[in-house]
Amino acid sequence: MRSIARHLGALTLSLLREMGRMLLFLLYAIYTIVRSPCRPILILKQLSFIGAKSFFVIFLTAAFTGMVLGLQGYYTLTKFGSEGMLGSVVALSLIRELGPVLSALMVTGRAGSAITAEIGIMRITEQIDALEVMALEPFKYLMSPKILGAVMALPLLCAIFDVIGIYGGYLVGVKLMGVNPGAYFHEMEKSVAWKDVYSGIMKSVSFGLIISWICCYKGYYTTRGAEGVSRSTTAAVVMSSVLILIWDYFLTSVLL
Amino acid sequence: MIELFRVTKSFGDQMVLNHLDLVIPTGKITAVIGPSGEGKSVLLRHIIGLLKPDMGRVVVDGEDITHMNRAELNRVRERFGFLFQNAALFDSMTVFENVAFPLQEKTRLTKAEIRDRVHEALEDVGLRDVDDKYPDELSGGMKKRVGLARALICNAMHRLISETHKRHGFTAVIVTHEVPAIFEICEYVAMLYKGRIQMRGTPDEIRNSEDPVVRQFITGELEGPLKFV
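Protein chains in written order, with the numbering used here: chain A, 1 to 256; chain B, 1001 to 1229.
Just so you know, these hints were derived from the structure itself, not from any lab.
Be aware that one or more of the hints could be misleading.
Stretch-level coverage of chain B by chain A, calculated; a stretch enters the list once three of its residues show a Cβ under 8 Å from a Cβ in chain A [to be verified]:
id, stretch
1, 1134 to 1143
2, 1206 to 1220
Derived DSS-like pairs: lysine-lysine, alpha-carbon spacing no greater than 30 Å straight-line [stated by the list, open to error]:
id, chain 1, residue 1, chain 2, residue 2
3, A, Lys45, B, Lys1133
4, B, Lys1111, A, Lys140
5, B, Lys1143, A, Lys140
6, A, Lys175, A, Lys45
Taking beta-carbon pairs under 10 Å as the criterion, some of the chain B residues facing chain A (in silico) [stated by the list, open to error]:
id, residue
7, Arg1045
8, Gly1056
9, Asn1086
10, Leu1152
Backbone N, C-alpha and C define an ideal beta-carbon position, used for all residues, glycine too.
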């Protein structure tokens, strides 16, 4: 019994230590961003890597998500004779929820894992130590551009996701199922408020911060060679994805 | 002068440095020798502040760096050039970009001045026409030379080197297990064994030592107190 209690205690302590270290990492990253701004070119590179290079995967995911929404929405709404509401269902689902969450999950898989692997390899090959011994700040060169890049890229990707998704819903609902195109866009315009768009943007920005924070953190504290990089990458993707979903619930409950 | 007072460092259950005392004299080339895995690199990392001791103090030019914050440490690190065992070159940058990086970030030199300084540093280590090569296109020895050029380009007062490279005119600490080659270039030798300095002295004193551990390490005999894996 005592050994179980000791084990649980040690586990709790290690969990608290890890959480504290993660929080300090984030605070120090924010402090670095404010105190010693990094070069704009480094942010642009990250914007290109996290944002522009994720376009194709976002395009595909958004198109098929919108099409499925169109199909499912049409099937459900016809039961109540209100298929004219399809545009509003598709748009609200995408703008408020699916756009921010799915684009964040896609970016986690594509760019987040790469961020962890890159920083992790730099850690195990002593490239981060090399920056430190040159009296240069690794956070300024590695973390700040990635965090800023992700925070800027996610809302843009989310906006692209929403537009393509809505068009995907239009293709299925209007072109395939015969919903009136005027009704599709009119209902959408009537039901989508600025508050919905604002809520989506807020979610995207916070998801960008979560992805870059967790992925940079996991890479920065990578140990034990190639296996360590693989472990960090997996942990970063899993933890970011789970945190995105948990944070989404809290944010939705606040922003509703 | 670099001084370590009763420095102790453990990783988990393994004590790597055990109340180690060492003074590295100014203006001399000091070699820290010892079998692999005895903590030579850990010792260097303490001197540059990459690791903090569990106990003890590290003093550089009269300043205790043990409890310095990052900004204070950076001020001390400005005086160091550090060559990592595997060079630690930035693999996304070319050779030129690697060597120019500290100058670009820490000085206000013009592009032309940086180019000249980089070429001079590369020629100093015997490298030409490698500007546009990436680290993975270089041999191990070339990588180390590029790392050395990068470490030396800012004219640091102290140089911490994880392998044998011959340089003069500054305080240098060379960590190596390459004996007897090291005796030809260093002026002072300290042997690390079981987390402590087993012996220190001039190369001749070390060479003529009767200490069985030092003797066996220098001669490379299999029989003796040292266990080679």
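Cross-check of the supplied hints:
Remark: the stretch 1134 to 1143 of chain B is not confirmed as covered by chain A, as 0 of its residues place a Cβ nearer than 8 Å to a Cβ of that chain, below the required three. Given as covered by chain A, the stretch 1206 to 1220 of chain B fails the check, having 0 residues with a CB less than 8 Å from a CB of that chain where 3 are the minimum. Among the hinted pairs, Lys45(A) with Lys1133(B) is consistent with the structure: their alpha-carbon atoms are about 22 Å apart, no more than 30 Å. Of the pairs offered as hints, the one joining Lys1111(B) and Lys140(A) holds, with about 22 Å between alpha carbons and a cut-off of 30 Å not exceeded.
A hinted pair counts as satisfied when its Cα atoms are at most 30 Å apart, and Lys1143(B) with Lys140(A) qualifies at roughly 25 Å. The hinted pair formed by Lys175(A) and Lys45(A) fails the criterion: a straight-line CA distance of about 39 Å is larger than 30 Å. Taken as an interface hint, Arg1045(B) checks out: its beta carbon lies about 8 Å from the nearest beta carbon of chain A, inside 10 Å. Hint status for Gly1056(B): violated, given a least beta-carbon distance of 21 Å to chain A, over 10 Å.
Interface hint status for Asn1086(B): upheld, as the beta-carbon distance to the closest one in chain A is roughly 7 Å, under 10 Å. Here the hint on Leu1152(B) is broken, as its CB sits about 12 Å from the closest CB of chain A, past 10 Å.
Hints 1, 2, 6, 8 and 10 from the earlier list are contradicted by this structure; the remaining hints agree with it.
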